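S.K.: Chain order of the listed sequences is A and B.
Heads up, the first sequence is in the working numbering, so the first residue is 930 and it goes up one at a time.
Heads up, the second sequence is in the working numbering, so the first residue is 3 and it goes up one at a time.
Simulated restraints on C-beta separations: (1) B/MET166 x A/PRO1135: 51 to 57 Å; (2) B/SER110 x A/GLU1077: 45 to 51 Å; (3) A/ARG1011 x B/ARG18: 32 to 38 Å; (4) A/ASN980 x B/GLN10: 19 to 25 Å.
Each computed DSSO-like pair below joins lysine-lysine, with the alpha-carbon atoms no more than 30 Å apart: (5) B/LYS26 x A/LYS1048; (6) B/LYS26 x A/LYS1061; (7) B/LYS233 x A/LYS1010; (8) A/LYS1061 x A/LYS1048.
Chain A regions said to be covered by chain B (calculated; three or more residues, Cβ under 8 Å): (9) 1159-1165; (10) 1179-1188.
If you're looking for bench data, these hints aren't it; they were derived computationally from the structure.
Predicted model, so just to flag it, every value in this text is computed and none were measured.
A virtual CB, placed ideally from N, CA and C, is assigned to each residue, including glycine.
Here is what each chain is made of, one letter per residue.
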Amino acid sequence: MASPRWREIAEDLQRRIRAGEFSGADPEQQRAANQLPTEARLQEHYGDSRNTVRQAIDHLAGRGIVVKQAGRGTFVVEQLKRFVSNLTVGSRTETVEYHEGAEREGRKANTSEPKVEIKAADEWQAATLNIKPGESVVVRHQRRYIDERPFSLQTSFYPMSFARAGAEGLLEVEDIPRGAMAYLKDQLGIEESGTVDRISARSPTPGEVEFFRLPDVGDVAMLVRRRTTFDHDGNPIRVTVTTYPADRNEFEFLTGDVPPRPA
Amino acid sequence: MVDPLWRQIAENLRERVHAGEFAKPDPEGWRAAGQLPSEWMLQDHYGGTSRNTMRQAIEYLVRLRVVEKRPGRGTFVVETPEPFVTDLTVGAETETIVSHEGRTVSTSEPRVEIQRADAWHAAMLGIEPGEAVVVRHQRRYIDGQPFMLQTSFYPMAFVHAGAMALVQLDDIPGGAMAYLSETLGVEKAGTAGRISARPPHPSESEFFRLPDVGAVAMLVHRRTTYDGDGKPIRVAVTIYPADRNEFEMIDGHVPHRPYGEPDER
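Only chain B is shown next, with the shape it has when bound in the complex (with noise of 0.2 Å):
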């Protein structure tokens, strides 16, 4: 099937745009750098092609975040910063933001409900449906920018045994599993990690200030901590804006960041 004028034209010029063609100003100063030709023009330089079919093309690059429109200047290329990337690396403790030293972190307080398991918690922990979990919230920010959620859902069986720092709205000093070590004796055996991706929930997309749904992929890793018979102690979801994130993993010897390696076109 062929497609429709419009996104002809949407997919040429989004080639031209990654290409870099538009990134330096015009030398006869039509444009500034960064800069669109204007409408005209481009109906101009496919053929004549017209007002609205141009629009269309237009239209779905700015749903793409391949370019956004700037009031009463014109219609500039998305520049993409630079990700904040996420160690991932096998036997790091915890996850650690390796990009951007120097930026301020910062992190809600938790967000602590409790819920009865429905089947999905009760078959990622173990337990039966209709149980209770602990679920903590947490936001993250960078710079003041949202860059992650958090979510990690325990087995109540923990709170009623006396882990009672689960259910505070604080964080828990020195981290959950050295708690959990600590007051139960639950110790962490190993982890395993998931990632995937798909597009964002309505609230994900306004907490994260995303411009359209399906413009933007939601990188989720999530990842289960067992104990030593196997059982799991932790859930833990975390959702990343691709816009802004990449994980990283290290094996071996590597030199250090940053392996003079720019971020892919």
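With the rest of the complex left out, here is chain A (with noise of 0.2 Å):
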């Protein structure tokens, strides 16, 4: 089935910009770096109506790929420096390598204050945490920022037996300092013995797409990191799942010697 106009027209020019085809400036075109051409300009490209054209930048403006500036133009919206997640932390927990990876790079990381649900689990819940599906679930999101812009999502849960056999610290809408596990640690005597990561890719949902700014469903994928913790008898203690757009996060895991990254 044919899209609508302006939809090939925001697809075509998306594709062009990806191409980096208004990247540089053009005197001739009278554009500037990363400016797209005028609306006149792009209405004898596309031998299209004034109204589709605007449609089809509306459209990318909506997904953050371009952004209107009043009496100069419409611009491309920069693309973000990738972030390198090491994945090899050792002995160190993962939201402190998060903070020391952007570090080294001279840039800086971010998270929200935790967002904290009580939920029934659901099945993959229940199977995950070893508990009975309806039973209760802490739920802790956190949405981490880099330089301000958004670059993962995280949620961890936790089974609420843990909160009422006095872990309480979980529930509280604030960072637990020192981190969840030295927490549990010193609460309750749960000890982590090991994890196991699972690294997965899926198109994103509308809410990442929303938080992301990403351009449309499909175009950037989102990377999933599926995080269990378990205590020396193997019962699992936290699941976490973190998701991280493609367009702009790797993960990197070293072994032995090797020359360190380049900044």
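Both chains are sitting in their own frames, so use the hints and assemble them into the complex.
M.R.: Listed below in structure tokens is the structure:
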């Protein structure tokens, strides 16, 4: 089925943007670097009405691909510099590595205050946390930013029985100082023995498209990292699902001796 | 900006699919297991929306591989098979497929090329652009289904120095690293792995028989092996379609697979 004309134009413009067609200035077209041609020139290029071209541009603006600057024109939004998450963290916590990793690159990592929910475990949560479906689960969400730009979304799941047994910090709407694993050890004597990471990729959900200001669904994949932490008896303590848009994130893992990564 | 109606309907349908609403057959026999209601029933459900809008919504979900059309039978939820799991655990000697024991893994004969290094090859291998590079491609299948493409790059200097097996159209018995160690005394000191994801190239869509460009992401694993002086010996790039592959990494002590863990919804 044919999609509407404005959509075709939007897709073509997006392709041209990705190909870097507008990255340099073009004095002949009176374009600055990263500026789109004027509406009149786009009308001429596509042979369409002003209205249709505007709809296409509005679509791109709504997706954060271009930005309209009143009186100046329409500009391509800069591509985000890739952030490399090191997955070989050894004894450091993932959160510490996240902040240090950004610092090493001269960038700044932030996290939102956690959003905390209590939910009845669905089948997946129940099976991963080794509890019964319908039992309560503590869910902690955090939005993670680098240089104020959204880079990842992290959600951790804990059995509610931990909070009932005395680890009420899991229910608080603030970061757990020193990390949840150290806290659970202090409060309940539960100790981490190992972790299993699973990495996959899928299309973004509508919520992710909105938060990360992604172009249309399907153009940018989400890297999904699912980490389960086990105690010494092999019981799961926590499951953390972190989603990373693949247009701005990569994972790295090192073995043995390798030269330092160039800055 | 408000999404067009077809898109809103598509997102709602997608949520209903993921919630498992269509998993069981309809008790009155209108639908089989995994089947979507008929077009006109859906039109009715979405407030008497037009046939056109309904079709646009379904086409979109077909493109995203959420549902598929079976000619003469209707529209069905796409079942995702258990993924192949590749173990990337730090310290593991080579990548191993840890799931699906009892399945047959087969590898194509390598295709070997000698190329002039472009800027990317040169930077990766620490050589000058224009120098020669040995490129070895292999295709891997599980039970006849294509599941990965691997390309390894070596400086041609190794061949000049006597490592002739790098340009032979055979697997290198015992692996290239052991061979380079024996033949040239080049020893591996460490590896740096990178994982990223991107849309498939057209040739990848064809090889992996993917539904449509964009619907399935490619997981890209790039591994650089270094010698004791920090010089790259090899760069291996392996491409895995994300609809049938996952990676796994283990740290510390964990219970034996399958950890009681099902796949993510």
